[in-house]
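Trainee: If you want the building blocks of each chain, they are given just below.
2 protein chains.
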Amino acid sequence: MSSTATASNTTAPTQILQVSGHSYAYRRFGNGSGLPLLCLQHFTGTLDNWDPAVTDPLASGREVILFENAGIGRSSGDVPETVAGMTKHALAFLDGLSLAECDVLGFSLGGMIAQQAAQDRPSIVHRMILVGTAPRGGEDIMHLEKPSLAKHLQDPQNRGYAVLQKIFFAPTATSQAAGGAFISRLMQRQDDREPPSGPNVAKAQTAAFREWEHFSGERFADVKGLRHPTLVVQGFHDEMIPVRNSYWLAENLPNAALLAYPDAGHGSLFQYPESFTRQAAAFLSSDSEPAVF
Amino acid sequence: MSSTATASNTTAPTQILQVSGHSYAYRRFGNGSGLPLLCLQHFTGTLDNWDPAVTDPLASGREVILFENAGIGRSSGDVPETVAGMTKHALAFLDGLSLAECDVLGFSLGGMIAQQAAQDRPSIVHRMILVGTAPRGGEDIMHLEKPSLAKHLQDPQNRGYAVLQKIFFAPTATSQAAGGAFISRLMQRQDDREPPSGPNVAKAQTAAFREWEHFSGERFADVKGLRHPTLVVQGFHDEMIPVRNSYWLAENLPNAALLAYPDAGHGSLFQYPESFTRQAAAFLSSDSEPAVF
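So the sequences go chain by chain: A and B.
Going by my numbering, the first residue of the first sequence is number 1, and it counts up by one from there.
Going by my numbering, the first residue of the second sequence is number 1, and it counts up by one from there.
Warning: the hint list may mix true and false statements.
You can't tell identical chains apart in this list, so a pair holds if it fits in one copy or across any two.
[Claimed, not checked] Below, simulated DSSO-like cross-link-like pairs (lysine-lysine); rule was C-alpha separation at most 30 Å, straight line:
#: 1; residue 1: 151; residue 2: 224
#: 2; residue 1: 88; residue 2: 166
#: 3; residue 1: 224; residue 2: 166
#: 4; residue 1: 88; residue 2: 151
#: 5; residue 1: 166; residue 2: 146
Keep in mind the hints are simulated off the structure, nothing from the lab.
Work out the full structure, taking the sequences as your base and the hints as a guide.
Mentor: Set out below in structure tokens:
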């Protein structure tokens, strides 16, 4: 295993791992006694969308591994149109790194991949942190055509990262200010940035969200089978994946605690990075069998 | 202000405060830089129903004040049939202690009194921790006639505290074991115990629950007006006050975080006292304007 000398997503070099004909872009930094933490990214997000205020404090107790799924940034291949397809790439990547076990932080789409990975390969996932996400069979998952979201996405003033301030944060002055600070932190990395995602990425990932809303048989049966200690985190005012999805997720996972934040939208972890990383580190460091910390 | 020499609910003497013709029984112990923490008790509970594994760690950073409302234990008077009436006694008690500001831990019925106190006298409440409770207008609040609860309450084998193990904890082996440990801790206090509550207490407090389920005008408008930083805590498997009441409470309070526990019922704070007191102390010690910690 290789490790970078730096411990920040602002400076960590982007590396490329070749596995079975695929090239996966990733960054890996930090150290400590904890298991490596695999970070799985949101809709259209690249490695550059990880907030250093979230990744860097966590990297003080463990290696943080940011993974870019197929077809995103400098990772090769096509973007899968199902969460299951994306999960195959994530598992191939971990196999390529010879990592037999890790903790997982999955945000939004990344939280769905984390759940699928825990289902497909239970032994490789130790503890999970699932932020702003939904179980299979959830509702109102990333419907960007909704007026409350479309008005921001179609506003020509919201170019590039600026739209994230609108759709990841609540419409209050306090949350919007936190969103502005988040955008500034994403811009701290000067060099070696990833190419932003294009419309083909959005199209394939949206298909994956639609597929994830479907279920057959007993609703939420998939998550009922996951015994992994899990921390579910959500903002009460998430317009992209409403908080009731986190209620369903945490209620049906047999061993999950739920932490929900006030005055926060989809990007609650980026709004309160000090609280989030403190709670996440306590959860990851715990050896309690129940997911309490 | 007087303070006891001990710092445990197992040994703290029961004191009596005379205020405006009422006698209120209470215990007061602990010290530290934090504001005093007023603890408001559940349905039919006396001072002896406070788990030392919860009160004592909190008493290492602040004074803990356990209050017995009118008509309970050795407190004089009739048990009010409304939460508002109980709140008047709690405020009179604080006035009698010359406490102008405190933090409040309200469990179940006590959480309703905490909300009412924050509404009636906003300045006296600094931060609130509301466990296993509901906002005015909540649903399915303490319906002991439900089969899932009645079967335990009507079982002659469940005498005294034994019934609490059944109705405060989830029906799993792990939760029931935690319930047994809780009962043992309640029995650690040997002397100077309170008289248990009789049927008249249950009858009046049940009337208060029924009144609390009613609302007029906009639902949850009362809590929308409370700006106090609040931590809402709940077990996912609470049969006495289902968890959706905590969702409504935390979603409608403008500044509340929610922490929900797996494999736990009504008594989640007693099931996980180490986690609960660690999180509660962090919340109470925080000077963050948002209720994040």
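Trainee: With identical chains treated as interchangeable, where does the CA-CA distance between residue 224 and residue 166 reach 30 Å or less: within a copy, between copies, both, or neither?
Mentor: Between copies only: 24 Å across, 34 Å inside.
Trainee: At 30 Å max between alpha carbons, let me know whether residue 166 reaches residue 146 within a copy, between copies, both or neither.
Mentor: Answer is within; shortest intra-copy Cα gap is 14 Å, inter-copy 46 Å.
Trainee: For the identical chains here, do residue 151 and residue 224 meet the 30 Å Cα criterion within one copy, between copies, both, or neither?
Mentor: between (37 Å within a copy, 27 Å between copies)
Trainee: Please sort residue 88 with residue 166 into within, between, both or neither, judging by C-alpha distance up to 30 Å.
Mentor: Close neither inside one copy (32 Å) nor across copies (44 Å); limit 30 Å.
Trainee: One pair to classify: residue 88 and residue 151, alpha carbons no more than 30 Å apart. Within, between, both, or neither?
Mentor: This pair counts as neither: shortest intra-copy Cα distance 35 Å, inter-copy 48 Å.
Checked against the numbered hints given earlier, the structure breaks hints 2, 4 and satisfies all the rest.
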